[in-house]
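Trainee: Chains C and B are the protein sequences, given in the same order.
Under numbering that gives the first Met the number 0, the first residue of the first sequence carries the number 0, and numbering increases by one thereafter.
Under numbering that gives the first Met the number 0, the first residue of the second sequence carries the number 0, and numbering increases by one thereafter.
In short, the hints are calculated from the structure, not lab data.
One or more of the hints may lead you astray.
Okay, derived cross-link-like pairs now, PhoX-like style, lysine-lysine, Cα gap no bigger than 25 Å in a straight line [stated by the list, open to error]:
no. : chain 1 : residue 1 : chain 2 : residue 2
1   : C       : K69       : C       : K86
2   : C       : K28       : B       : K47
3   : C       : K86       : B       : K95
4   : B       : K95       : C       : K101
5   : C       : K69       : B       : K47
6   : B       : K196      : C       : K86
Looking from chain B toward chain C, a few residues come up when the C-beta cut is under 10 Å (computed) [claimed, not checked]:
no. : residue
7   : V4
8   : G39
9   : K47
10  : L48
11  : D90
12  : G193
13  : L197
14  : Y247
15  : L260
16  : Q290
17  : S291
Covered by chain B, per the in silico footprint, the following chain C stretches (three or more residues, Cβ under 8 Å) [claimed, not checked]:
no. : region
18  : 47-54
19  : 69-78
Just so you know, these numbers come straight off a predicted model, no measurement behind them.
We put the beta carbon where it would ideally sit given N, CA and C, even for glycine.
Below are the chains, spelled out letter by letter.
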Amino acid sequence: MAGSVSAAATAPLLASHARAEAPSAAQPKLRQPAVTSLRINRQAYELSLDTRTSLLDALRDHVGLTGTKKGCDHGQCGACTVLVDGKRVLSCLSFAVMNDGKDITTVEGLASSDGKLHPMQQAFIDHDAFQCGYCTPGQILSAIGCVNEGHAESEDDIREYMSGNICRCAAYPNIVAAVLQARDQMKGA
Amino acid sequence: MHPFVYEQPTDISAAVAIASRFTTNDDQPTRANAQFIAGGTNLADYMKLGVAEPNRLLDLNRLADPGLRQIRVTDNGIRFGALVRMGEAADHAEVKRRYPVIADSLRLAASGQIRNMASLAGNILQRTRCEYFRETSWHCNKRVPGSGCAAMEGFNRQHAVLGASDACIATYHGDFAQALIALDAVVHAEGSRGSRKLPFAKLHRQPGDTPYIETDLAADEIVSAIEVPAIPWARRSLYLKIRDRESYAFALASAAIALDLDGDNVREARIALGGVATVPWRARAAEEALQSKKLDEASAGVAADAAFAEAQPRQHNAFKIELGKRTLVRALLEARDMEV
């Protein structure tokens, strides 16, 4: 059978393999953990992961940062939104190994070391922009991305560019209000 | 999820060499043993669902050629590197100014997070979102050749009325592709048999009796760039997308329009339709119907009738014919009235 698991696992590695220069990088094999370096919330981590591990599962199950939420796990709800190199992405649709060397920000990394909340976190509290709170970490990270991308110029703009984040409590009007408040503070910062 | 070996080639020839080694030229990219990944928003999803099961994943994000990440605007048109992200292209000032239809099609697609992840090449090669294709317990000729199509007699409200066959009625769900086919874009591909350019209109294949063959690309071919020729009058262009909710949903019907007008008379019209067809759909009959005509509601209606003359509805998607026509009429009139 073409493409059987064993055939792929035993096939020789090409000389041009990207990691060939690293002395410790043996030829990749099926089910062999991949060493992945991530910088998460300004702290370095080196993880040995099954290649199938999503960035989301790496954050929650391997690093223990459970602020990032698993909702649909298929890119439809936005609960798993994090910033990768400053841009908001869905951690459920990204394999952790693909993020090797990247800078990740989760909701745990937003407050400053003295405990002062990020303006977006404070705005969500000020405007009561969550009920059950499950979608909130993803909403906040997405909202920061939305502001940084310059797509929070109007309420309609915010609704459009926050549409990848679903809130089943329907706190949407308060979320829009929170993003507007934080936008101005983030600009002033 | 099926386990896979992960590799990060640093140049296209290395990526092609690995793919060639683990696939044969007979393998379609979607069924290949080794598959390329860039943004991952489509492939990772299908790997989780067990729809895609590559044994080897070749991550293209470490490819060194800077051209893969650039948008270059010249007198000859615009060249999009394959790894440019959708959000970046949607926000590009010159793309917005010269080709509003391109920027619109990207801006109205997916969500902010997905647009930050998804590459342009991956976007045009995305697979259908047909629910019967996504759920592996159903019969699907696109997923398992010869197994049958559950959508034919199933809940086919989302399905195609144009370009369908007895084997498959799955819709092509992308948006960007409609803008590209309307503007006569060209795709650059590199594979073990060398580099080639193919017209965007030749990239996707109608299902016929081989719906699992979705594109003209071989399994070891990588799209490196997408070129859109210079079309000065394309400033009068737009993408209109009609869907069940205002944002973050696939099109029920959409229209990509570019118009060259002499007053209200049509010198040239470019029309592509989305949400209603099995592949990115150039509506040439509608374009011809408008040639040298005064563009008004009546002539737009004639063009819309021409666009859907061959439409074949199923039980739940017949509404798409009328919706598609009205979408096209509205898009044409809105494009006519644009201030450029």
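Trainee: Among all the numbered hints in the text so far, which are the ones the structure does not match?
Mentor: Numbers 4, 6, 12, 13, 15, 16, 17, in rising order.
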